[in-house]
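Trainee: Using the hints, put the two standalone chains together into the complex.
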Amino acid sequence: MSLDITEEIEKIIDDKETVSVISAVGKNGNPVSQVGKKLTLWEDGRIAYYEFLESSQLQKNLVYSIWFGKEIIISLIGKDGKNYSVVGKPYQALIAGHVFEAEYEKTQEEFGEKTDLSTVWLIDIVRVTEDTYEVAKEREEKEHPYLMHMDHIYKEEISDE
Amino acid sequence: MAVEVDKEWRKKEESYWEILKKYPTVSPFIITQIDVQRRGVVYTDAALDKVDAKIHQVDPYKDRVAPSSLLLRDGTSIITHFTFSTSKKTLNSREPYIVDVADDKIVLVDDDRIIDEVIYWEKPKFYDKKTSFGTPMQEVVDARPQRFSLSVSKYCHFWDKPGEGCKYCGIGAAGAKYKGCANERVNPEEIKEVMKEILKEKGRFTGVVLTGGSILSGDELCDDELDAYIGALQAIGTAFKTKKFPSQVNSTALSERQLIRLYEETGLTSYTTDLEVFNEEIFKWVCPGKAAHISFSEWKKRLYQAVEIFGKGQVNTGIVSGVELATPYGFKTEEEALKADFETAEELASHGVGLKHDVWNVVPNSIFFKQTTPSLDYYVRLTKGFYEIMQKYGISTEMDNYRKCSMHASINLDRI
Chain A
1 MSLDITEEIE KIIDDKETVS VISAVGKNGN PVSQVGKKLT LWEDGRIAYY EFLESSQLQK
61 NLVYSIWFGK EIIISLIGKD GKNYSVVGKP YQALIAGHVF EAEYEKTQEE FGEKTDLSTV
121 WLIDIVRVTE DTYEVAKERE EKEHPYLMHM DHIYKEEISD E
Chain B
1 MAVEVDKEWR KKEESYWEIL KKYPTVSPFI ITQIDVQRRG VVYTDAALDK VDAKIHQVDP
61 YKDRVAPSSL LLRDGTSIIT HFTFSTSKKT LNSREPYIVD VADDKIVLVD DDRIIDEVIY
121 WEKPKFYDKK TSFGTPMQEV VDARPQRFSL SVSKYCHFWD KPGEGCKYCG IGAAGAKYKG
181 CANERVNPEE IKEVMKEILK EKGRFTGVVL TGGSILSGDE LCDDELDAYI GALQAIGTAF
241 KTKKFPSQVN STALSERQLI RLYEETGLTS YTTDLEVFNE EIFKWVCPGK AAHISFSEWK
301 KRLYQAVEIF GKGQVNTGIV SGVELATPYG FKTEEEALKA DFETAEELAS HGVGLKHDVW
361 NVVPNSIFFK QTTPSLDYYV RLTKGFYEIM QKYGISTEMD NYRKCSMHAS INLDRI
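Residue numbers (this note's numbering), protein chains in the order written: chain A, 1 to 161; chain B, 1 to 416.
Calculated from the structure, these hints are not laboratory results. Yeah, the Cβ is synthetic: ideal placement off N, Cα and C, and Gly gets one too. Watch out, some of these pointers could steer you wrong.
List of simulated lysine-lysine pairs, BS3-like, C-alpha gap at most 30 Å [as the list claims (entries may be wrong)]:
1) Lys11/B / Lys244/B
2) Lys167/B / Lys177/B
3) Lys50/B / Lys106/A
4) Lys70/A / Lys21/B
5) Lys312/B / Lys106/A
6) Lys155/A / Lys89/A
7) Lys27/A / Lys370/B
8) Lys89/A / Lys105/B
9) Lys243/B / Lys114/A
10) Lys106/A / Lys123/B
11) Lys70/A / Lys384/B
12) Lys37/A / Lys200/B
13) Lys105/B / Lys38/A
14) Lys21/B / Lys89/A
15) Lys27/A / Lys167/B
16) Lys244/B / Lys106/A
17) Lys38/A / Lys339/B
18) Lys202/B / Lys38/A
19) Lys129/B / Lys106/A
20) Lys200/B / Lys243/B
21) Lys114/A / Lys22/B
22) Lys106/A / Lys192/B
23) Lys125/B / Lys38/A
24) Lys37/A / Lys11/B
25) Lys167/B / Lys60/A
26) Lys312/B / Lys37/A
27) Lys244/B / Lys114/A
Taking CB as the label site, the calculated pair distances span [claimed, not checked]:
28) Ile73/A / Ser396/B: 26 to 32 Å
29) Thr129/A / Asp116/B: 28 to 34 Å
30) Ser396/B / Ala136/A: 43 to 49 Å
In silico negatives: residues of chain A with every beta carbon more than 10 Å from chain B [claimed, not checked]:
31) Glu54
32) Glu101
33) Glu143
In isolation and in its complexed conformation, chain B is listed as follows (with noise of 0.2 Å):
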């Protein structure tokens, strides 16, 4: 369990109207999906009765089902699957948003206000389907609104030697039934087999992800992982017509040689590793298993080097906004993250490596279940920060984009 609400928590921070009318040039939809994202949401009953389990992609909830996730009227996806509030009625600190029924719409409610109308999402027509191996293909390929993504390896072996996994995971503890698991790793069979299903669905796909826990055995530290990688994308690409197919991976920080294989044995198109905390002391507390295995400026020079195997633009590093903040040993005040995060993140760029945030959650099963997040305020100048930096040094945004992902708000104001 997370920690309880804060019941005077709306006293000490600026609300979501304050801040509404404090940055009017920021996208009101990015501030509310920064915010939801934050703080998480429940379901009334109303709002539970307008799902439909043969329409809409489904979580349990209760003895009932939610929806996995929420877009916006402007197509900015709200996602909440990672909001453990959702599933498992944890809370973190904040009173999460309300979805209820208006007028018969669907509407985002807090304090009694309602934010604007929200929309469910819709599963993909394999998602009832079954592999000839007997697995349900949700369970091989994800989907969000407009992507699909699939992770090869569901445990991260970062959490092999205890206390080294990164301490605002909730995945890593929960991947441990997988390890050593026939289906530890994805099976390149059965992805071909649902990529026969996404064919079938026109209109559908924008792009695809790939991602996973850390594997880090072979020659060289992490090559099982990179061929698990070139084994997916392989089987992905078995459905295209063009070497090259819109897509990501979000892996470990592989080596040059590593990376030229990966752009060159697959349809590979955009490259992602995460740095997850801009501030080297602060990276090797919060994430002690990457920073063991490489360092903070290897991550990065190894971000250099991806951009010149895969160009400007098509490279991003990401960081779980807020912890670096934690206590103890976070920084103190919200002024002083944000000086940090801006002067990595200029460095980072002026090599050419894109910027995105994902918004931290506290979830349960992580070692930082106790903490609290930043305020909004904090979001939203980091958000725009980072936007602002990604224009000065004309970083295309297009690898991560809304429909591609949309986790990422300093990225989701890029559309104007």
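Chain A on its own, in the form it takes in the complex (with noise of 0.2 Å):
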């Protein structure tokens, strides 16, 4: 089970105009990512990324991290610029059964009879973190007042006194 989400991260999600991008390491333990064609927010509070390619490198890593426990990355950019960070493990790789089969033909609708869905991947969500660059800044300003280039805190210029 997910843990409670802002009804922000619920519109980014369910707003077709987000772009979201998946990233999740493999067994090189290099990452790999990918922009979702379709993610949505499920009842239970988990998110549903839906992969259409069998033999992609995500679904591979996704595999990797369902197999061993590893967490992934959502990224979220909404059409107002405003940018989240979803960080998941998932779940269940969905393929077969009536749920399946009901998302199987709801994708096609939306997407074309030649669109192949392989997985609905159904990830719990551990935490979530915007990284739009105003709150990211404000937030590192905050928490880590000394990380900076000095001149920001250079006076114009220093007095003979």
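Mentor: And the structure:
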């Protein structure tokens, strides 16, 4: 079961104009990132990521993640420029059964009959952070006040007194 | 009945948890699959309460019904309907796993520890329908979560001569009731009727597997078996726009001439013929019927010819892993068995033949019903070894992957 998420995250996931990028590491330790064609939030609080290609590197890395308990990252970039990082853990590779078949048909309705839905990845949300630049900068200033170039705090000139 | 549980068995071999730690790069899901197939499962009443016969594929279980088989969260199937402890509650020297319910979730339990959640297989919609001949469609075509399969012949003619059936096989004796009956072989007209129903279920199937008992008759050995496969494949092929469709035949080792016919006259894309044992002397003892008609070296030659016809990555062969350790004529140690398995596996793979193994489950009605299977450690080493040999020789596993079969642990490893 996932943690509670805000209405704002719910909205950005549901918005079809949101760009989502899913990143996961594989067996060689290398990460791969892929723009997700379809992502939804399910009633149980899990994110469902729809992988269309069985042979994609992301599919392999998601399998690696569920096998060995690795975290993945979903970056959500909203149309207003706001962006969030969702850290998650794959809970289930949904590949069969009446729920999968219903999603398969819905996916084909949305993306065309040639679309072949490989897997609906159900992902537990571990934590969410907002990474919109202004928000992230404010957070950095608050949490890491001494991480900066010093010119930001130089005086304009040094008095001779 | 199989043999009773050895009460000391846990003291004699490494536990599931120890094996997980010992092989940190092997998927825990695959280790679970292997061990459950090795030891079987039983169900608590709470787990049986979660079965819905309208949704799930079921088998009789005492006076109730149990799921035919299980799925793990990663999509790996655990095929348990060959594990007779499910349906007949027989035991084979080790305690089976328990399927129970915890926090309203269906879980796999061993020694009072929860292993993971499991999911019951769902049946396809055609399962409750009948053909115009009155046959329940599920008797014509069987299903796993993502594939359908059919048995072209319910009886294996290696059992015609006493003592010539494969010694681990529990199906051979049971198939005797079909011998000479009208329904011994599948009826292509009934297949066509089932295919019309299959077409209605989008997103369900990724492939079809045809297998069945050996049919030795014909002008050339197994010509009648070949004709049965061609007839069935042509009936299946009526449902597809393309000539070729994702499919596999697992038959007796056919000759080059027969393989060419099978490839050219049907939509078949991949071919399997199981050697069952990767050692000639033990093959002769365990599979005397096979050995009497097609020698070990001829069987291998036919596999190499199949690679020429179907292509590298479209042909494989399997063993019933563990029978090479059966007493009294099998290998004496797991080390010796693995060495022989890997030597033959290398030879086959160097000719482009893929590898797979099915975990031996000692079943009632088999000649080997009193035997004991090897340790989990042996199975994990074999799985890892076959996978690594396939990788070394660049042989694709797609023809038999977790969606199209899922029984073969070494192939299931090839998902990352």
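Trainee: Look at each hint and say if it fits the structure.
Mentor: Do the hints match the structure? See the list:
no. : hint                            : in the structure
1   : Lys11/B / Lys244/B              : violated, 52 Å
2   : Lys167/B / Lys177/B             : holds, 19 Å
3   : Lys50/B / Lys106/A              : holds, 27 Å
4   : Lys70/A / Lys21/B               : holds, 17 Å
5   : Lys312/B / Lys106/A             : violated, 36 Å
6   : Lys155/A / Lys89/A              : violated, 47 Å
7   : Lys27/A / Lys370/B              : violated, 41 Å
8   : Lys89/A / Lys105/B              : holds, 19 Å
9   : Lys243/B / Lys114/A             : holds, 18 Å
10  : Lys106/A / Lys123/B             : holds, 21 Å
11  : Lys70/A / Lys384/B              : holds, 21 Å
12  : Lys37/A / Lys200/B              : holds, 26 Å
13  : Lys105/B / Lys38/A              : holds, 28 Å
14  : Lys21/B / Lys89/A               : holds, 21 Å
15  : Lys27/A / Lys167/B              : violated, 40 Å
16  : Lys244/B / Lys106/A             : holds, 27 Å
17  : Lys38/A / Lys339/B              : violated, 48 Å
18  : Lys202/B / Lys38/A              : holds, 19 Å
19  : Lys129/B / Lys106/A             : holds, 26 Å
20  : Lys200/B / Lys243/B             : holds, 20 Å
21  : Lys114/A / Lys22/B              : violated, 44 Å
22  : Lys106/A / Lys192/B             : holds, 28 Å
23  : Lys125/B / Lys38/A              : holds, 28 Å
24  : Lys37/A / Lys11/B               : violated, 51 Å
25  : Lys167/B / Lys60/A              : violated, 39 Å
26  : Lys312/B / Lys37/A              : violated, 33 Å
27  : Lys244/B / Lys114/A             : holds, 18 Å
28  : Ile73/A / Ser396/B: 26 to 32 Å  : holds, 30 Å
29  : Thr129/A / Asp116/B: 28 to 34 Å : holds, 30 Å
30  : Ser396/B / Ala136/A: 43 to 49 Å : holds, 44 Å
31  : Glu54                           : violated, 8 Å
32  : Glu101                          : violated, 5 Å
33  : Glu143                          : holds, 35 Å
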